[in-house]
Amino acid sequence: MAVTEGTKKLDAHAVRADFPIFDQTIHGKPLAFLDSAASSQKPRQMLDAMNEFYETSYANVHRGVYELAERATAALEGSREKVRVFLNAPDVREIVFVRNATEAINLVAYSWGLANLGPGDVVVVSELEHHSNFVPWQFIAGRVGARLALLPLTDEGELDLSALDGLAREGRIKVVATNQVSNSLGTINPVERLAAWAHEQGAIFVCDAAQSAPHMAIDVQALGADFVAISGHKMCGPSGVGALWGRAELLQAMPPFLTGGHMINSVRVEKTTWGELPHKFEAGTAPMAEAVGLGAAIDYLSAAGLDAIHEHEQKLAAYALGRLAEVPGITLYGPPAERRAGIVSFNIEGIHPHDVAQILDMQGVAIRAGHHCCQPLMHRLGVAATNRASFYLYTVREEVDQLVDGLATVHKVFA
Amino acid sequence: MSEFEQMYREVILDHYKNPRGHGTIEGADAEADGQNPLCGDEVSIYVAFGDDGETIDEVKFSGRGCAISQAATSMLTEMVQGKTATEVAVLDKDELLDEIGIQLSPVRLKCALLGLTTLKVALHRAKGTPLPEGLAGFDELELS
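From first to last, the protein sequence lines stand for chains A and B. Positions in the first sequence are counted from 1; adding 153 to them yields the working numbering. Positions in the second sequence are counted from 1; adding 3 to them yields the working numbering.
Among the hints, a few may not be true.
Simulated restraints on C-beta separations [claimed, not checked]: (1) A/182 with B/20: 45 to 53 Å; (2) A/269 with B/17: 52 to 60 Å; (3) A/284 with B/57: 38 to 46 Å; (4) B/101 with A/231: 54 to 62 Å; (5) A/204 with B/20: 48 to 56 Å; (6) B/17 with A/204: 14 to 22 Å; (7) A/267 with B/128: 32 to 40 Å; (8) B/56 with A/437: 35 to 43 Å; (9) A/562 with B/101: 25 to 33 Å; (10) A/479 with B/128: 42 to 50 Å; (11) B/128 with A/273: 34 to 42 Å; (12) A/179 with B/14: 26 to 34 Å.
If you want the ones that stay clear, here's a sample from chain B, every Cβ over 12 Å from chain A, calculated [stated by the list, open to error]: (13) 8; (14) 15; (15) 16; (16) 30; (17) 38; (18) 45; (19) 53; (20) 57; (21) 67; (22) 99; (23) 127; (24) 130; (25) 131.
For the record, the hints were derived by calculation from the structure and aren't laboratory data. Beta carbons are placed, not taken as given, at the ideal position from N, Cα and C, and that holds for glycine.
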């Protein structure tokens, strides 16, 4: 593991050696991968864990009476315990494996929402949401006749908490759903305060932690949320697995989301009864190897230290904001470095983000250009799209420099 | 020629910076809006037919987007001037792509063809001409 023990400072150059993807050039240039907010790269340790699972312990989990099935079950349930520790959840039965944070939020919106929302109820989401924490609520609210209300943003791209009192007067708020970190602007949201406010309204608080869990320590109990969603692929794990944490009493009272194999207690023609938590919410064969990979990713991140990762990324964000401010015609979006995660969104005057990203790609720099699944936010910013550079524990300053140099070439092409 | 020049040829940048047929037509005979939600490109197309009600007398576009989408639409307005709705409806996309003359990745192909697709939809609505067969491949393209 590439960390200096004791002080827990992160050595990103050493960390990088764990990631095979960097052993290549792109268009003849070193790879500057600045799109970790979309999905992270994978350490060899995680890939090895998945491979070893397939090579030595693979069989379908639960119910099998033979050695391999027992090993596979132990591996899957061991990963569940790792997720519990990672989130500091009180009970391992509260950890539900899903495909990703999107599925986790859909699970809550369908299962809790259809059972508890009705005409006249209000669901509050923020203007800063990823579509994954916006569209499910809009859809379910529409189906039951509830109303979607928006928590607006300040001009700095932070949630405008002064609007809360007005929202509270608008009606019966049943759900408050926001992310902890904006995938688009990197804004770190005051979720503890929002959770407390939601509970004052008699609402549940649903936290989309897909963009925070990879980068900072999360404690669901301190946070005070009712549901928290994470995606494995954004935190050095494989695609195809994520987790939902929910408070046991809520999960117990909820009907299942998907039904089928594994999630039952007994099935009769007249009636089927549901399995215990978390199995009630895990219909079908689980993403077993993926869950093992997620467990290995959690081990990897924990060894590096979530606080060290957060500090490293905030320094990179500050460095990037400083360097990008030198670029002619640039507009930077979002809050100051001390209040944001390692994400920087910007536009270059007169040059569409797609063109910027294309010319950067030719120089080995991978950034994201588009609306980042945040069209309500793009609307608020008055733009169709932005460029976004995002960082992780393996990101080094040289990559930021490569980005800034690349932007000079963008200017030359469009001069 | 540098790799950048191959992609952003002089003619592309010229059309992007000085788009031909940029604007709107009041009371257009045919119009449609197209968006590419992938990158937020937007193009609106306006067509005025000549006295025969068939031949494109004037075509204009408005919108915002990347250099490829805007330049391609600008080139398109020059290409279709004086053609009939039926001719444009069957206009092969490769004809426009040849004009653009650069290698495009699948993502950028959608940028390049946004204007043509939107124009074909406008003509379809006004004249009942066939929709582009390729529209099925444009799942992400939103036409409103």
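Tested hints:
| no. | hint | verdict |
| --- | --- | --- |
| 1 | A/182 with B/20: 45 to 53 Å | 28 Å, violated |
| 2 | A/269 with B/17: 52 to 60 Å | 59 Å, holds |
| 3 | A/284 with B/57: 38 to 46 Å | 43 Å, holds |
| 4 | B/101 with A/231: 54 to 62 Å | 58 Å, holds |
| 5 | A/204 with B/20: 48 to 56 Å | 52 Å, holds |
| 6 | B/17 with A/204: 14 to 22 Å | 52 Å, violated |
| 7 | A/267 with B/128: 32 to 40 Å | 38 Å, holds |
| 8 | B/56 with A/437: 35 to 43 Å | 58 Å, violated |
| 9 | A/562 with B/101: 25 to 33 Å | 28 Å, holds |
| 10 | A/479 with B/128: 42 to 50 Å | 49 Å, holds |
| 11 | B/128 with A/273: 34 to 42 Å | 39 Å, holds |
| 12 | A/179 with B/14: 26 to 34 Å | 27 Å, holds |
| 13 | 8 | 8 Å, violated |
| 14 | 15 | 10 Å, violated |
| 15 | 16 | 7 Å, violated |
| 16 | 30 | 27 Å, holds |
| 17 | 38 | 9 Å, violated |
| 18 | 45 | 7 Å, violated |
| 19 | 53 | 34 Å, holds |
| 20 | 57 | 35 Å, holds |
| 21 | 67 | 6 Å, violated |
| 22 | 99 | 18 Å, holds |
| 23 | 127 | 25 Å, holds |
| 24 | 130 | 30 Å, holds |
| 25 | 131 | 32 Å, holds |
Consistency with the previously given hints fails for numbers 1, 6, 8, 13, 14, 15, 17, 18, 21, ordered from lowest to highest.
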